Amino acid sequence: MPSRDRLRFRLNGQPVDVFCPDPRILLDLLREDLRLTGTKRGCDLGTCGCCTVLLDGRPALSCLTLARLVESREVTTIEGVTPPQGLSPVQRAFVEHGATQCGFCTPGFVVTATALLRANPHPSREEIERAIAGNLCRCTGYTKIIEAIAAVGGR
Amino acid sequence: MASAPTPPTNPYRLLGGRIPYVEGPLKVTGRAEYTDDIQRPGLLVGRLLRSPWPHARLRSIDVAAARALPGVYAVLTGDRYPIPFGVLPITHDETAIAVDASRYIGDIIAAVAARDEPTAEAALALIRVDAEPLAEHADPRMGTSKVTDPIHAKGLAGTNIQKEVVQHFGDVDAAFARARFTARVRGTFAGVTHAFTEPMATIAEATPDGRLTVWSATQVPHYLHRTLSEVLGIPMHRIRVIKPEVGGGFGGKSDPLPHEIVCAALAIETGRPVKILFDREEVFYTNHGRHPTQNEVRVAADAEGNLLAYDIEALIDGGAWSSFGTVTTYYNGVLAMGPYRVPNFRYKGRRVYTTKPPSGAMRAHGGTNIRYSIEVALDRIAEESGIDPFDLRERNALAPNSTTVNRFEITSTSFLECLSAVRKASDWDRKFRQLPYGRGIGLGCGFYISGSNSPIHFTPKMPQSTVHLKVDMDGGIAVHSMQADIGQGSNTLLAAIVAEVLGVDLERVHVQRVDSDVSPVDLGSYSSRVTFMMGNAARSAAEQLKGELITAAAGLLGTPPEEVMVGHECFETRGPPPASVPFLEVLHRAMEAKGALTASGSYQTRPKGGTFKGAKAGTAPAYSFAAYVAEVSVDVETGEYRVRKVWAGFDCGRPLNRLAVEGQIEGSIHMGLGQVMGESMNYRGSRLFNPSLLEYKIPMPQQMPEVEILLVGKDDPEGPFGAKEAGEGPLIATLPAVGNALYDAVGVRFTDLPITPDKVLRGIDRRVAERRAWKGA
Ligand code: FES
Ligand code: FES
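Chains D and B, in that order, give the protein sequences.
Under our numbering, think of the first position of the first sequence as 1, with each following residue one higher.
Under our numbering, think of the first position of the second sequence as 1, with each following residue one higher.
Keep in mind that the hints are not guaranteed to be accurate.
[Unchecked claim] Pulled a few chain D residues facing chain B out of the computed Cβ check, cut under 8 Å: (1) Val16; (2) Gly98; (3) Glu129.
To be clear, the hints were calculated from the coordinates, so they are not data collected in a lab.
Just so we're clear, the structure is a prediction, and the values are computed from it rather than from any experiment.
The beta-carbon is built from N, C-alpha and C at its ideal position, and this holds for glycine as well.
Based on the sequences and whatever the hints tell you, model everything.
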């Protein structure tokens with residue numbers, strides 16, 4: 001393939017080398033081309049947070065990210081924050097606290113919360129609220145999501 | 001948040017506890033499969049051409065250029081499948097694609113299936129529509145008299161009135177004549193919409209064996225199944241409807257929607273699988289949210305505060321189609337029948353078609369707007385009479401086992417317990433009218449149907465819910481039912497009921513994906529019916545299996561069946577001597593005669609209600625009750641306010657899964673706060689100008705108050721294990737609790753929702769200009 005259509009980056013810890021002509025959007029690349037469907041499409045406009053992935057460890061909206069921009073960088077999706085067996089502490093807390101109802105927002109929240117807790121292992125309620133402000137949940141009223149994240153942070 | 005401790009008397013092993021969702025691990029890992037996650041070989045992209053006109057006659061549509069575009073497999077217009085449909089059998093006024101006229105901006109006027117998105121978009125751009133603009137009808141008030149170019153031929157006598165309801169019980173005028181206190185409230189309610197996170201999505205595939213398979217994000221797979229059959233002219237048994245995981249519905253995915261039919265039609269035309277996935281703007285235009293409404297409520301009470309009469313009028317903006325509108329029109333009146341005794345009642349409701357996106361059913365359908373005006377009127381009566389708002393409501397509470405004036409049968413109610421629990425928890429008696437200016441506390445109450453007594457399709461008479469169980473030698477229990485889990489936790493409850501009855505661990509029970517080929521009919525997720533109806537059906541199916549297993553266990557234990565009890569993963573007898581046999585051993589004995597065990601349980605409502613026209617609307621096998629207190633603080637300089645805490649007293653009978661019930665209440669409060677504080681479908685004329693999640697103001701996590709839940713219900717006699725609904729009723733009381741708290745804070749009655757900061761500020765300014773003092777300000 002012509003090198004300008006080639007995209008190389010690390011995805012969930014593995015190198016990938018894909019055909020990706022511009023202007024491919026990261027969310028489309030993940031969901032359509034790479035069939036990683038854990039990352040959800042709620043709006044395509046940066047207004048819901050369902051498509052959140054980690055870009056070099058920081059939350060990013062994949063629907064607003066040109067795939068080209070992840071060249072040589074590290075992308076982590078919900079599949080990448082999930083251990084091979086069982087659940088991560090964040091995921092376990094979401095299940096136990098009832099922080100997922102319809103579940104469509106959940107991968108985005110789990111990814112966001114994972115990044116938050118890596119950067120700040122014991123976030124306050126205000127810090128949690130600020131971190132998830134870009135993620136819409138229409139089911140839970142956020143109450144149990146905040147509880148779950150706080151529980152992992154030991155607060 | 002905090003909820004009342006589990007009553008010590010819980011006789012159940014699983015039910016009544018906190019049961020994490022059975023599909024939770026799939027959801028938190030991104031492994032739960034939603035419609036858009038499904039891949040089919042050779043999948044085509046379906047796209048819809050939407051009308052830019054609020055109202056237009058479609059003279060001709062030229063699709064030749066679009067059809068000729070390489071990569072295009074089919075182009076459809078309305079003439080191909082013109083059979084009208086609609087969720088209610090009595091009001092079929094929608095078509096899959098507009099046939100002769102388009103009736104709102106966003107109405108579907110053509111559809112394309114193409115190899116990819118760019119090709120589909122290019123094809124849409126090539127379609128030429130010759131349209132003649134017709135009169136726009138944006139204001140429902142204008143639609144109540146004769147109009148030019150009515151939106152539907154079926155409108156009442158040349159008007160745009162879709163449905164008119166007039167009801168009168170007792171003698172309202174006489175009651176007002178002898179009233180000591182009266183209050184009038186005129187409420188205005190902007191339309192609000194569900195805004196679930198998963199956009200509508202459908203995949204359809206027609207296969208050479210003559211069958212059609214449709215995967216769709218739907219709350220009501222059964223009505224979709226029926227509608228596909230009716231419009232496409234294919235018998236139901238040749239159509240297979242599958243409901244994958246659904247990313248929220250709240251009523252917005254309960255109508256059979258046109259794009260679902262179009263998707264199936266495109267699959268038939270092309271012989272290839274086709275997917276239609278909405279973008280967020282299409283979700284907003286498709287709407288079916290809560291109706292923009294104006295209502296006027298007059299309430300009369302005697303000197304002691306006994307309610308004498310309600311006199312209610314409602315003007316309901318229906319948008320382009322009927323949808324659930326006939327039900328909506330009734331509900332806006334009759335859902336005022338509780339939680340208080342109302343001996344005289346008059347209602348006139350009209351739902352008017354407008355050239356706007358259709359309104360439909362949204363969480364706490366029909367009960368929300370009217371409740372706001374009623375509860376504000378009661379707050380005024382309380383103030384005028386000097387009776388405390390709690391005392392006023394206590395005095396008028398419907399009693400258990402009573403009948404309303406329009407013949408609703410109230411069986412269980414713990415409304416009084418809801419009142420006393422929140423009064424105490426919120427420290428009401430020390431706060432009401434005593435908090436400093438700018439701080440306030442308010443009470444709002446509500447009630448809601450726990451399922452609709454009359455299903456939408458009442459002929460032929462069949463159960464409202466059926467549940468099948470199958471246990472084979474592996475000891476796993478497969479559960480089939482068309483009940484639709486859309487996030488409320490019905491799969492978990494289904495599994496828990498079966499496990500409870502059979503004494504087994506939850507992990508033995510596998511609730512199967514809804515698939516019309518194998519799932520028996522349940523009418524789906526609407527009108528808060530699932531826990532009640534599916535729960536009863538599941539219990540009945542499990543009890544049958546239990547009977548067979550007990551017989552087998554009796555044989556193994558050498559005791560009469562009457563002495564065999566269900567233990568945990570075993571069957572036991574108290575003896576003497578006490579003995580037990582493991583579940584699997586009993587199962588294998590029971591299977592000796594016939595192999596795998598199967599059972600079918602069902603639930604059907606008993607006939608209820610009066611015999612007058614519309615008597616069935618609002619009849620339910622049980623009702624939920626709520627009393628909420630909200631505490632607010634207002635920045636009187638800016639009008640910004642915060643709801644600091646909500647105390648939610650709720651009667652859902654026995655809560656079967658506390659985790660899910662709390663989740664429903666917290667989510668309902670969030671959604672109710674949205675409507676009272678900021679959410680609004682903003683129209684200029686017929687044009688929606690905020691079709692995005694950025695401009696449609698859903699409360700942020702920071703705006704969510706602390707919530708204290710007080711579950712005080714007692715067992716309902718007919719509900720499964722005593723349960724009633726908790727999915728919709730918890731929304732209703734939120735709005736008036738906040739409205740009445742704002743009054744307590746700043747001395748202004750707000751009756752124009754949403755109550756945005758600018759309205760608060762204007763209200764305060766007006767009060768100051770009128771020199772009305774409030775709490776020292
Ligand atoms: S899909 Fe990316 S923010 Fe909504
Ligand atoms: S769980 Fe449904 S949107 Fe968050």
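Against the structure, the hints come out as follows:
1. Val16: violated (18 Å)
2. Gly98: Where the cut-off is 8 Å and the nearest Cβ of chain B is about 4 Å from D:Gly98, the hint holds.
3. Glu129: holds (5 Å)
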